[in-house]
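Protein chains: 2
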Amino acid sequence: MSNTEPQRIALIGLGTIGVSMAALHLARENTTVDVFDTRPDFEQYLRKTLPIFMGHHLTSDTSKPDSVLPESVVTSLLTSGRLQIHTSLESACASATIVQEQGPENVAFKQSLWKQVESLAPTSAHLWTSTSGIAASIQQGEMSDKTRLLVVHPFNPPHIMPLLEIVPSPHTSTERVEFARAYYSVPGSKHRPVVIKKEIPGFVGNRLAFALLREACHLVQEDVVNAKDLDTILMASLGPRWAGNGVFESYQQGGGEGGIGAFFDKLEPTIQQVWDGQGRVNLVGNGEETRWKDRVISQVNEAYGTFTNGQVLEKEARLKEFVNVQAKEYGHLETEQ
Amino acid sequence: MSNTEPQRIALIGLGTIGVSMAALHLARENTTVDVFDTRPDFEQYLRKTLPIFMGHHLTSDTSKPDSVLPESVVTSLLTSGRLQIHTSLESACASATIVQEQGPENVAFKQSLWKQVESLAPTSAHLWTSTSGIAASIQQGEMSDKTRLLVVHPFNPPHIMPLLEIVPSPHTSTERVEFARAYYSVPGSKHRPVVIKKEIPGFVGNRLAFALLREACHLVQEDVVNAKDLDTILMASLGPRWAGNGVFESYQQGGGEGGIGAFFDKLEPTIQQVWDGQGRVNLVGNGEETRWKDRVISQVNEAYGTFTNGQVLEKEARLKEFVNVQAKEYGHLETEQ
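Residue numbers (this note's numbering), protein chains in the order written: chain A, 1 to 337; chain B, 1001 to 1337.
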């Protein structure tokens, strides 16, 4: 497909992720967004929340503060027809080229939804689920055509965070995968879609995060460090490192001319010792293996409490700056060699 | 101590980490740096490398490119006496208030060095090792006063990367720990020292990194994703997230009003499923458990090759920008609430 071909996206389920996704789609040219949600105050909620996400997305000048757009932006979008609020799944899907759901993480709900969507949307429409945990191969259980559905897993908040994990089921067609990848690869966009080759619990991003989280919980349980200091350590080292270089790339560089192979050879005793001693805390189970939970939760509550809206906006503004730095070119340094 | 009290730092071992550490100390006021290394072309090497690290460190205006200072900066430092090159350990340590070593990661070398330093440096001098793997309690094996030595583990490159892990042995005095913490907590500095409560292999930063690395190697081995795409996933999600928020803080926010406890409750099945299925690849051993190595190494070599000096400078400039964003205040967002 051409990246600028008009698309009509039916969004089903407009919680925080859904509204953020609506902002993402509306920031593109040539899109119409049809929204459907069962909450009673839906239009009022949309008028309040959408301008917040769109304000972030539309500000690309980092010298200016992010702004919350006026609520009138929603009126304009509704008047022009670029945004359409629906009261039935049927009308939302009727003309869709893409149907994307952000509904509850519940197998029965998703299977039933896709069975309905299959009969309501045009047969050419692409079907995307934003699930973080229910594979497309499970969601498509009641569908007759299993080639159309795939996971497009965003990272929170999707209008800022570049990653989209595209995870096909074994039945999804290659064309459907390629369409999704191309859709999120618009020139100038900071979004980075990555196709995962196989379905696996947690996909890739969360598997990496949960591996680190497990060791973090273990270190707090063993009183090596408290939760807040552990966060400081992460932010003062691995966070900025991995914002600029992947884990493999970092160690390839760390190994010098011998690359990551030389790094493994040099660090072998330390790495193996760490791997042998990794914590095996669990969330499910009794007694010893879950006793870390109270300690971690109380330390984290004490360190951070509940975040105010202002703090969340500040964190999002900072996140957006990191993403902007990632996209920056450094031509002058190349010429200095 | 007062943070602006004059300090005289003897640096032993001036490889890349040592020169970067020299730049860090010289960027402070009221410091004198005595350097000792056994390489034959030491002065020539220092004249060439130190200006590169100092150029990075002294540029705080992010709108200007980082610059490599002229070699004459070393001549000025030598003339003024702020930097002194020594040809013996004895003279380097003679007037030190701090002795810091970045020598080979070798137990015999370190034990012998500290035994000598103990007899050469003033008894008040603080003794710091930059080791990433050999605990202070092992290094101090041949010392008679075991209260003085502690680990100050930097992350590469130390003149940019904020983290310093301060890891005392069980014998290190509280005063020595507090001095090191205070020394690196100068107002205006972007460095963030964190005290680790117990010695443990890999300390905290590398334990977290190696936990994630292990799962990364497992996912490449299982052909869920290739090495370069895994790096993209990390850079497009967890890197920028953890540059702005620690792992606990992120999930505290992700859990909404219920905080990290609510997050654990909601994600329990997925997290436990991921933990149960985590990879157990090893570096040491035979056959199956190490077969991932060839695959990972060849994919990483193919993806990145060897980095040019220009690429390394570019990565460092970007890293520095992330650190600058971390230090930024967002007052305008607080007032918008």
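No wet-lab data here; the hints were simulated from the structure. Since the structure is predicted, the reported quantities are computational estimates derived from the model, not experimental observations. There's no promise every hint is true.
Each pair of labels, with its calculated beta carbon distance range [said to hold, decoys possible]: (1) B:T1038 <-> A:V195: 23 to 33 Å; (2) B:K1190 <-> A:G277: 27 to 37 Å; (3) A:Q116 <-> B:G1254: 25 to 35 Å; (4) B:S1189 <-> A:S80: 30 to 40 Å.
Yeah, the Cβ is synthetic: ideal placement off N, Cα and C, and Gly gets one too.
Cross-check of the supplied hints:
{"no.": "1", "hint": "B:T1038 <-> A:V195: 23 to 33 Å", "verdict": "violated, 52 Å"}
{"no.": "2", "hint": "B:K1190 <-> A:G277: 27 to 37 Å", "verdict": "holds, 32 Å"}
{"no.": "3", "hint": "A:Q116 <-> B:G1254: 25 to 35 Å", "verdict": "holds, 30 Å"}
{"no.": "4", "hint": "B:S1189 <-> A:S80: 30 to 40 Å", "verdict": "violated, 52 Å"}
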